[in-house]
Amino acid sequence: MPLIINDKQLVTPGDLLADGEYIGGENTFQEKDKIYAARIGLASILGKRVYVVALKGCYMPQIGDPVVGKVIEVEMSGWSVDIGSPYTAMLFVSEALDKPFNPRRDELTKYFTVGDIILAKVISLDRTNNPILTVRGAGLGKMTRGYLVSIASVKIPRLIGRKGSMINMIKRETGCSIIVGQNGRIIVSGRKPEDETLAISAIHMIDREAHTSGLTDRIAEFFKEKKLGTNNLVKKEG
Amino acid sequence: MSKKKVKLVNKKGLRSDKRRLEELRPISIEVGTLDKADGSAYIEWGGNKILVAVYGPRELHPRHLAMSDRALLRCRYHMAPFSVDERKSPAPSRREIELSKVTREALEPATFTELYPRTVIDVFIEILQADGGTRCAGITAASVALADAGVPMRDLVAACAAGKIENKIALDLNDVEDKIGEADLPIAILPQSGEISLMQMDGKLTAEEFQEAFKMASEGCMKVYEIQKDALKKKYATISTELEEIEPEEKEDEAE
Chain A
177 MPLIINDKQL
187 VTPGDLLADG
197 EYIGGENTFQ
207 EKDKIYAARI
217 GLASILGKRV
227 YVVALKGCYM
237 PQIGDPVVGK
247 VIEVEMSGWS
257 VDIGSPYTAM
267 LFVSEALDKP
277 FNPRRDELTK
287 YFTVGDIILA
297 KVISLDRTNN
307 PILTVRGAGL
317 GKMTRGYLVS
327 IASVKIPRLI
337 GRKGSMINMI
347 KRETGCSIIV
357 GQNGRIIVSG
367 RKPEDETLAI
377 SAIHMIDREA
387 HTSGLTDRIA
397 EFFKEKKLGT
407 NNLVKKEG
Chain P
243 MSKKKVKLVN
253 KKGLRSDKRR
263 LEELRPISIE
273 VGTLDKADGS
283 AYIEWGGNKI
293 LVAVYGPREL
303 HPRHLAMSDR
313 ALLRCRYHMA
323 PFSVDERKSP
333 APSRREIELS
343 KVTREALEPA
353 TFTELYPRTV
363 IDVFIEILQA
373 DGGTRCAGIT
383 AASVALADAG
393 VPMRDLVAAC
403 AAGKIENKIA
413 LDLNDVEDKI
423 GEADLPIAIL
433 PQSGEISLMQ
443 MDGKLTAEEF
453 QEAFKMASEG
463 CMKVYEIQKD
473 ALKKKYATIS
483 TELEEIEPEE
493 KEDEAE
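Chains A and P are the protein sequences, given in the same order.
Per this note's numbering, the first sequence starts with residue 177, numbered consecutively.
Per this note's numbering, the second sequence starts with residue 243, numbered consecutively.
Incorrect hints may appear among the rest.
The list that follows gives simulated cross-link-like pairs (lysine-lysine, PhoX-like), each with its CA atoms no further than 20 Å apart [as the list claims (entries may be wrong)]:
hint, chain 1, residue 1, chain 2, residue 2
1, P, K465, A, K184
2, P, K421, A, K232
3, P, K410, A, K184
4, A, K184, P, K421
5, P, K260, P, K278
6, A, K403, A, K347
7, P, K421, P, K410
8, P, K475, A, K232
Simulated from the structure, these hints should not be mistaken for laboratory data.
Fair warning: this is a prediction, and the values are worked out from it, not measured in the lab.
Model the full assembly from the supplied sequences, consistent with the hints where possible.
Right, here's the structure in full:
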């Protein structure tokens, strides 16, 4: 009796997933040869790997993640940034400016100030230190226009879709530029407000129905319907 | 309360609420009742009505409580002033402080707090209506709320009490039985491994009676565990259990 569950089965913490010869992936834990689920989610099997796709959970930063953050404090040598995780991130001046920073002549608030929304990348973190961000890189830095939408961070892989299929469809159908942070925050900006609201309702639909099958088709259908004008009531959210 | 002698078990072996000795009160759990909380549960266990909210893992204030190797689990068991016959002062009583502590200790072995160092997981247990056995109902609902919040857990924690009324061992005592009865033995277990995370006793039981009560309470816990799992699954019942494979490399940078 090596495999106890079926693929894509809903599991709760403590459910036995597999016994022997399998490798426990994310959101599982192992006791002797047995693999158990550690979170509520959908059990998935990939070769010999058994893991759980979480349905809920807070954002845990990973090195290299693009995140959309909000500056919450200006400090001596940088900014504290809320990235929607249990840990407040730090952005140091050295990671924001190309020139050396002279605190006697220059003001940090000139670059970023409290309330600014920034797109940054996580460059370092460990168990004892809060994440450190950088805004060096293409497209990173202060975000000046667009709508900020928040969804659960565990649903971001679904929003992007396989090889970016889902996100590219939304971009194509609405003509909006969509910036996705791994922390569940998304910046949507388009030429017309109607385009933006359309993209936002599609994003909320994905958030709500993230774990159903055939979602890509349903989103395509949703756009088709909107285009035909059968439903002009775009739910304004976000 | 009147001093009149109340008969707890009748000739047919039925209790004051027409239950058999080894019968649980009806239990229903609703998951995700609160929008603002990260996880929540509402339990109705006989006459008990309890709301549980879980927040976190989140940043811990005050900072000096933070532990560098794990998250702090902070529990608050609180009875609403209107939850009992006579108004209860809303300030935490000695009893509530103790129950907050035992609840925390009952839940802690089940949670992977070491995954979130320096943070806090807050659990608020609010007793809206009390009818005996609130600590067990509170722990049961709290573990469901923790799972709903997406906190990684070893197992759910199921709790149930057994006791002695009129010289008979009975499962899941209600308020009257608890007050007039001879003994009460609330336990909480991690059903997969059978580990015990809470065991208290008031009153007197012989060794044999204790064994019998413990066995009865454990069996009660297993029934509670099934109800917990069903409640958690019910929340997602409408979603189809199919999912496109999401491979890790798709976590690509979408910045432009």
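**Prompt:** Is the hinted pair K260(P) and K278(P) satisfied, with a Cα-Cα distance of at most 20 Å?
**Reply:** violated (39 Å)
**Hinted pair K184(A) and K421(P), Cα distance within 20 Å** = violated (48 Å)
**Item:** Straight-line alpha-carbon gap K421(P) to K410(P), limit 20 Å
**Value:** The hint holds at about 15 Å.
**Asked** Regarding the pair K465(P) and K184(A), is the alpha-carbon distance no greater than 20 Å?
**Response** With a Cα-Cα distance of about 26 Å, the restraint between K465(P) and K184(A) is violated, given a limit of 20 Å.
**Message:** Just to be careful, I want the Cα atoms of K475(P) and K232(A) compared with a cutoff of 20 Å; is the pair within it?
**Reply:** Holds - the C-alpha atoms of K232(A) and K475(P) are around 13 Å apart, at most 20 Å.
**Asked** Is the Cα-Cα distance between K403(A) and K347(A) 20 Å or less?
**Response** holds (15 Å)
**Asked** Is K421(P) within 20 Å of K232(A), Cα to Cα?
**Response** violated (41 Å)
**Message:** Next pair to validate is K410(P) with K184(A); report whether the Cα-Cα distance is within 20 Å.
**Reply:** Violated: K410(P) and K184(A) sit about 47 Å apart, past 20 Å.
Hints 1, 2, 3, 4, 5, counting from the list given before, are not met by this structure.
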